[in-house]
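Put chain H with the ligand on the given structure of chain A with help from the hints.
First to last, the protein sequences are chains A and H. 1 is the number of the first residue of the first sequence in the numbering used here; add one for each residue after it. 366 is the number of the first residue of the second sequence in the numbering used here; add one for each residue after it.
Hint data in this document are derived by calculation from the structure and do not stem from the laboratory. Owing to the predicted nature of the structure, the values given are computational and were not obtained by experimental measurement. Glycine residues also receive a C-beta, built at the ideal position from the N, C-alpha and C atoms.
Within a straight-line C-alpha distance of at most 30 Å, the following computed DSSO-like cross-link-like pairs (lysine-lysine) qualify:
no. : chain 1 : residue 1 : chain 2 : residue 2
1   : A       : 108       : A       : 133
2   : A       : 16        : H       : 440
3   : H       : 442       : A       : 16
4   : H       : 373       : A       : 260
5   : A       : 187       : A       : 334
6   : A       : 16        : H       : 373
Reference listing, derived: stretches of chain H covered by chain A, where coverage requires no fewer than 3 residues with Cβ under 8 Å from a Cβ of chain A:
no. : stretch
7   : 397 to 403
8   : 406 to 412
9   : 416 to 425
10  : 435 to 442
Chain residues, written in single-letter form:
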Amino acid sequence: MIERNFEAFRDPDLAKGLITQIRSRSRRPIRLMEVCGTHTVALFRSGVRSLLPDTIGLLSGPGCPVCVTAQGEIDAFVALAQRPDTIVATFGDLLRVPGSGTTLQAAKGEGADVRIVYSAVDALAFARDNPEKEVVFLGVGFETTAPTIAAAIFSARQSGCMNFSIAAAHKTVPAALGALLGRSDLKVDGLLLPGHVSVMIGVAGYRPFFNASQMPSAITGFEPTDLLMGIAELVTQIETGRPRLYNAYPRAVTEGGNPKAMALLEQVFAPADVPWRGLGRIPASGLVLRPEFERFDAFRRFDIQIVDAPEPKGCACGQILTGTRIPPECPLYKTTCSPIHPVGPCMVSSEGTCAAYYRYHQASS
Amino acid sequence: MCLAIPSKIVAIKDDVATIDVDGVRRECSLLLVADAEVDDYVIVHAGFAIQKIDEAAALDTIQLLRDTADFVEGKSKVHPLDK
Ligand code: SF4
Numbered sequence: 001m002i003e004r005n006f007e008a009f010r011d012p013d014l015a016k017g018l019i020t021q022i023r024s025r026s027r028r029p030i031r032l033m034e035v036c037g038t039h040t041v042a043l044f045r046s047g048v049r050s051l052l053p054d055t056i057g058l059l060s061g062p063g064c065p066v067c068v069t070a071q072g073e074i075d076a077f078v079a080l081a082q083r084p085d086t087i088v089a090t091f092g093d094l095l096r097v098p099g100s101g102t103t104l105q106a107a108k109g110e111g112a113d114v115r116i117v118y119s120a121v122d123a124l125a126f127a128r129d130n131p132e133k134e135v136v137f138l139g140v141g142f143e144t145t146a147p148t149i150a151a152a153i154f155s156a157r158q159s160g161c162m163n164f165s166i167a168a169a170h171k172t173v174p175a176a177l178g179a180l181l182g183r184s185d186l187k188v189d190g191l192l193l194p195g196h197v198s199v200m201i202g203v204a205g206y207r208p209f210f211n212a213s214q215m216p217s218a219i220t221g222f223e224p225t226d227l228l229m230g231i232a233e234l235v236t237q238i239e240t241g242r243p244r245l246y247n248a249y250p251r252a253v254t255e256g257g258n259p260k261a262m263a264l265l266e267q268v269f270a271p272a273d274v275p276w277r278g279l280g281r282i283p284a285s286g287l288v289l290r291p292e293f294e295r296f297d298a299f300r301r302f303d304i305q306i307v308d309a310p311e312p313k314g315c316a317c318g319q320i321l322t323g324t325r326i327p328p329e330c331p332l333y334k335t336t337c338s339p340i341h342p343v344g345p346c347m348v349s350s351e352g353t354c355a356a357y358y359r360y361h362q363a364s365s
Numbered sequence: 366m367c368l369a370i371p372s373k374i375v376a377i378k379d380d381v382a383t384i385d386v387d388g389v390r391r392e393c394s395l396l397l398v399a400d401a402e403v404d405d406y407v408i409v410h411a412g413f414a415i416q417k418i419d420e421a422a423a424l425d426t427i428q429l430l431r432d433t434a435d436f437v438e439g440k441s442k443v444h445p446l447d448k
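Bound-form chain A, shown alone (with noise of 0.2 Å):
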C-alpha cells in the first residue's frame, strides 16, 4: 500500500498541476538558493530545472560536505593518509579532491592506505580487525550524517577499541545560512532548505535563523514533486512578501526532529569556530570532539595541525558555494577543470555544483 502512495511523489500529473502554479504565480525574477548538494543534483536529473519559467534562477548553497570542507582541512586528512601503520577510512567524494599538495588518491598510489566506507561503522570493523594499525575516519559532513559519527565513537568506547579515532571537520548548516545572509554580496530571495539535515535538526532549527533573517524558507524533499513544492512555496511567499519557514517534507522533518539522534551528536560533539572554504571562519559552526572523547580525535593523538591553507589557484568553487557565481563563469569549467581532472573539490564530488553541471547542463539548457 505504501509503496503505491510514494510513487505519487514522481506522479507527473502532480508534478504539472505545481508547474503551472509555478508558472502562473511568478512575476517577478527570483533567485532561490538549494542549500543541499542532492537538492543541486535532484534538481538536474530530476528534469524539474528545466521545466521552470526564466523567472526562477536556481543557485547552489554551502550545502555539499566535501566541498566546503576547508583546504587546511584537506591537507591535514592527507597528512594522516601518509603517517605509517595507519588506516584511513572515508566516503567515496573526498579522495580526489586536491589538496595543497597532493589528494588522498595519490596518496594511496604511493602507498598510503586509504579505503572507501559506506559507514563510519564499517571503519569500526576495520580497527576490529587490524588491531596493529590506527584506524582513522575522515569525518565531513553536516547534521545529518555527525550522529552516525558520533554512535561509532560510542560503539568504539563501549567494545574498547583503542586504535579507532575521527579526524572530525564536521560542520552545521544554520550557523552558515547566518553567516552567509549577513554578506553584502549576496542575491538571494528564498532558500530551499536541506530535507535530511532538516530530518535531525527539525524545524525548531531554523527558527532562530529565520526569526533573525526573515528569508523565505522551505524544508524540501528530494522527489520530483517535493522539489517543486518548496519551488512553489517560495514563489508564492515572494511574490505576496509574507516570508515564512515552511516544512514542504512533513512525512521525514517533525518540528523537533530527532532528538535520539542529536542527543547522541551533542554528547560526543561540542561547536566550535571552524573554516568553510568560501565562507572563511565561521563562529560555532563546527563540531569538535568533547574533552571526553578526546582520545578519539585523531589531530590531537597524531598533533596534526589544520593549517590556513589558500584554494587553488583561479578555482571559484568559493564563489559557487555562497551563489555569488555559477559553474560556467568559472574560466577553468570545462578548460583545465572537468571530472577526470578537478581543479576543486566541487568538480570532484557527486553532490558537488560543478560536477552536476558538466553532466547535466548542456542537456537541459
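Using the frame of chain A, we list chain H with the ligand on its own:
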C-alpha cells in the same frame, strides 16, 4: 551520501535492520531511531536509519498535491496552500 528513497525494514536483529531498497537488500543500524519495527519505512544515511517515514503525513502531502492539481485544472476555486 543521502538516499532519497525510503527503505523498508524487512528484519531486525539487535540494533541492526535488514532493509529493502528498491529490491536490493542491505543492512543499517537502528541506533539513531526510536521504536523502528519490521515493515516500517525509514530514511537511511551513511549506514544508519535516521527517521521513520510518517505515513499519515505522506498521505496529507499527496492530498495537498492532488488539491493543487485540481485547482490549476479549475476543478476547485480555493488554492490548497491558501486554505
Ligand atoms: S569549474 Fe573547477 S576550478 Fe572552476 S569553480 Fe568548479 S571546481 Fe573550481
